[in-house]
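Asker: Each chain, written out:
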Amino acid sequence: MVVLNNELYSLMPLELSGEDTYFINSESYISKDIIVKENSNIELYLTHFTNLDLNFFVQKGATINLKILNLEGEKNLNLKGNLSKSAIFNIFLVDLSKEKININSNIILYDDDSESSFNFSSLVNKNNLKKYNISYSHIGERTISNLKGFGVSMDTSELNVNGVSHIEKGANKSNANQSVKVILFDKESKAKASPTLKIDCEDIKASHGCAIGSLNEEHLYYLLSRGLSEIEARKLITYGYLLPISLNYDEEIRKIIEETIYRSL
Amino acid sequence: MSKLEIKNLHVKIEDLEILKGVDLTIENKEMVALLGPNGHGKSTLLGAIMGNPRYEVTEGEIYFNGEDVLKMSVDERSRKGIFLAFQNPCEIPGVINADFFKSAMNAHSDKKISLYKFYKELENATKEVKMPFDLVNRTLNEGFSGGEKKRNEILQMKLLNPALAMLDEIDSGLDVDAINIVSEAINKQFSEKDTSFLVISHYARLFDLIKPTVAYVMINGKIVLKGDESLIKRIDKEGYTWIKNELNIEIEKTDKKAPISIGTCATKEVIKNGSSK
Numbered sequence: 001m002v003v004l005n006n007e008l009y010s011l012m013p014l015e016l017s018g019e020d021t022y023f024i025n026s027e028s029y030i031s032k033d034i035i036v037k038e039n040s041n042i043e044l045y046l047t048h049f050t051n052l053d054l055n056f057f058v059q060k061g062a063t064i065n066l067k068i069l070n071l072e073g074e075k076n077l078n079l080k081g082n083l084s085k086s087a088i089f090n091i092f093l094v095d096l097s098k099e100k101i102n103i104n105s106n107i108i109l110y111d112d113d114s115e116s117s118f119n120f121s122s123l124v125n126k127n128n129l130k131k132y133n134i135s136y137s138h139i140g141e142r143t144i145s146n147l148k149g150f151g152v153s154m155d156t157s158e159l160n161v162n163g164v165s166h167i168e169k170g171a172n173k174s175n176a177n178q179s180v181k182v183i184l185f186d187k188e189s190k191a192k193a194s195p196t197l198k199i200d201c202e203d204i205k206a207s208h209g210c211a212i213g214s215l216n217e218e219h220l221y222y223l224l225s226r227g228l229s230e231i232e233a234r235k236l237i238t239y240g241y242l243l244p245i246s247l248n249y250d251e252e253i254r255k256i257i258e259e260t261i262y263r264s265l
Numbered sequence: 266m267s268k269l270e271i272k273n274l275h276v277k278i279e280d281l282e283i284l285k286g287v288d289l290t291i292e293n294k295e296m297v298a299l300l301g302p303n304g305h306g307k308s309t310l311l312g313a314i315m316g317n318p319r320y321e322v323t324e325g326e327i328y329f330n331g332e333d334v335l336k337m338s339v340d341e342r343s344r345k346g347i348f349l350a351f352q353n354p355c356e357i358p359g360v361i362n363a364d365f366f367k368s369a370m371n372a373h374s375d376k377k378i379s380l381y382k383f384y385k386e387l388e389n390a391t392k393e394v395k396m397p398f399d400l401v402n403r404t405l406n407e408g409f410s411g412g413e414k415k416r417n418e419i420l421q422m423k424l425l426n427p428a429l430a431m432l433d434e435i436d437s438g439l440d441v442d443a444i445n446i447v448s449e450a451i452n453k454q455f456s457e458k459d460t461s462f463l464v465i466s467h468y469a470r471l472f473d474l475i476k477p478t479v480a481y482v483m484i485n486g487k488i489v490l491k492g493d494e495s496l497i498k499r500i501d502k503e504g505y506t507w508i509k510n511e512l513n514i515e516i517e518k519t520d521k522k523a524p525i526s527i528g529t530c531a532t533k534e535v536i537k538n539g540s541s542k
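One line per chain: the protein sequences are G and S, in this order.
With the working numbering applied, the first sequence has no gaps in its numbers, which climb one by one up to 265 at the end.
With the working numbering applied, the second sequence has no gaps in its numbers, which climb one by one up to 542 at the end.
The hints are simulated quantities; they were obtained by calculation from the structure and are not laboratory data.
Bear in mind the structure is a predicted one, so any value in this text is a computation, not a measurement.
Take these hints with a grain of salt, some might be off.
Claimed, not checked - Facing chain G, according to a computed beta carbon distance under 7 Å, are these residues of chain S, among others: (1) Met-315; (2) Gly-359; (3) Gln-454; (4) Phe-455.
Said to hold, decoys possible - Calculated pairs, SDA-like style, for lysine to any residue (alpha carbon to alpha carbon, straight line, at most 20 Å): (5) S:Lys-336 to G:Glu-230; (6) S:Lys-268 to S:Lys-367; (7) S:Lys-367 to G:Glu-232; (8) G:Lys-235 to S:Lys-268.
The beta carbon of each residue, even a glycine, is placed where N, CA and C say it ideally should be.
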């Protein structure tokens with residue numbers, strides 16, 4: 001495990017190689033190019049940050065799993081990715097802060113067989129607004145993108161998710177999926193989800209869907225019929241929405257995620 | 266000791282009146298069979314007793330051990346000892362079976378159950394319904410086969426040990442071995458605990474195995490006949506048309522269907538309508 005610090009302030013691009021886990025902890029503004037070297041396998045944790053522009057170049061056969069945990073503070077995060085042949089870039093975002101956040105993610109699946117996923121679990125409370133703009137450009141053949149998110153909006157808050165997947169001409173046999181589900185915990189909370197597919201190629205697969213609504217009444221009835229109070233039942237369903245993503249994090253962070261979700265509801 | 270009394274119960278789903286004056290009493294430690302043609306209100310009765318929010322009770326009374334059930338919320342009814350095994354148990358993404366069971370058992374107890382006791386009881390109950398223990402760590406009913414879902418319902422009955430267990434077509438979708446397992450679990454609960462049963466099934470096989478002490482027939486939203494094992498056998502052999510002749514009842518066609526709800530058997534809907542839409 002390596003904590004990145006001075007490397008982030010150098011003018012040279014940061015190169016990550018081999019198989020290792022890195023942490024970025026920085027409260028000041030950073031703009032950084034990060035090269036994930038050929039065939040390496042990298043875990044990168046982002047747990048403390050304020051304003052970050054990260055530009056990833058994922059080389060041939062390399063994999064990077066970017067794991068973001070946002071617990072507090074207003075934030076802006078801009079992510080860019082450019083993927084070479086058979087490169088994989090997975091982004092996990094657990095966003096539980098009580099403050100505003102803007103996230104822009106733009107991943108270009110430039111070479112053949114590259115793939116990327118953006119997975120998020122987001123709790124928006126305390127009269128807050130969280131905005132995620134997540135876009136994918138499929139250029140290489142057989143490229144895959146998956147946007148999968150679960151959100152809970154409560155206390156007059158709003159979650160705004162804008163997903164755009166563009167399969168460009170020549171990106172044959174590519175596959176783009178978008179799925180966003182948001183629970184509105186009370187009548188005053190809001191959510192907007194706009195899943196968009198732009199398709200300029202015929203031989204592809206694509207799907208998109210979003211579901212925004214209050215808690216499923218039938219699920220609630222089932223849990224109540226076993227004696228759980230409405231508050232407990234609502235909590236259990238909400239944990240079920242937000243918790244599964246935590247399995248992708250290491251044990252220590254997973255515990256922090258679980259405790260924060262339990263405390264927040 | 267438990268006693269359920271239902272008097273002149275009328276229930277609507279949206280604008281459709283399904284139950285049109287049901288009278289029924291279930292005494293302590295009774296094993297009651299509820300029969301009747303499809304769409305005549307059997308599942309609605311069970312849902313109304315449990316408190317399905319989509320059902321509107323327009324008239325009548327339900328008392329359980331002398332307490333007014335209609336004044337209770339769904340969870341209160343459960344904590345008073347009423348249990349419903351759903352015909353089509355729902356899948357709840359992300360909710361882990363074991364977490365749910367633990368919350369339910371804690372809700373039924375004055376003090377929190379210890380982890381050791383919880384796992385011991387869970388292990389015993391899974392063994393009894395011959396369910397692989399790893400299913401308890403999966404999300405609630407997600408990816409479960411039809412049979413596993415039904416066994417999961419019986420498992421919950423075992424854990425919660427209700428005074429009245431209502432089983433809505435618990436045998437549908439079960440193979441012969443699974444029916445034997447489920448009926449053994451029902452019989453064990455019935456003989457060892459103070460649980461009364463109200464059981465809906467279309468098949469005499471289950472009733473042969475659990476041997477109800479009383480049988481009721483529901484037609485047109487009312488209980489029209491009370492009998493014993495011989496009534497179940499006759500219906501199994503001859504269907505319901507003889508009731509029409511003997512009691513001079515016109516069996517209403519159920520073209521105007523009740524809205525599909527959690528208590529509806531999805532498989533049956535598909536077979537009836539010829540599609541899943």
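Asker: It remains to establish, for every hint, whether it holds in the given structure.
Answerer: Cross-check of the supplied hints:
The interface hint given for Met-315 of chain S holds, since its Cβ lies 5 Å from the closest Cβ of chain G, which is under the 7 Å cut-off. Contact between Gly-359 of chain S and chain G, as hinted, is supported at the beta carbon level, the nearest pair being about 3 Å apart and thus within 7 Å. The criterion of a C-beta within 7 Å of any C-beta in chain G is not met by Gln-454 of chain S, whose closest approach is roughly 16 Å, and the hint is violated. For Phe-455 of chain S, the shortest C-beta to C-beta distance to chain G is roughly 20 Å, which exceeds 7 Å, and the interface hint is violated.
Of the pairs offered as hints, the one joining Lys-336 of chain S and Glu-230 of chain G holds, with about 16 Å between alpha carbons and a cut-off of 20 Å not exceeded. Restraint check for Lys-268 of chain S and Lys-367 of chain S: the C-alpha separation of about 27 Å exceeds 20 Å, so the hint is violated. For the proposed pair Lys-367 of chain S and Glu-232 of chain G, the alpha carbon gap of about 12 Å is at most 20 Å, so the pair holds. Distance hint between Lys-235 of chain G and Lys-268 of chain S is unfulfilled; the C-alpha atoms sit about 33 Å from each other, more than 20 Å.
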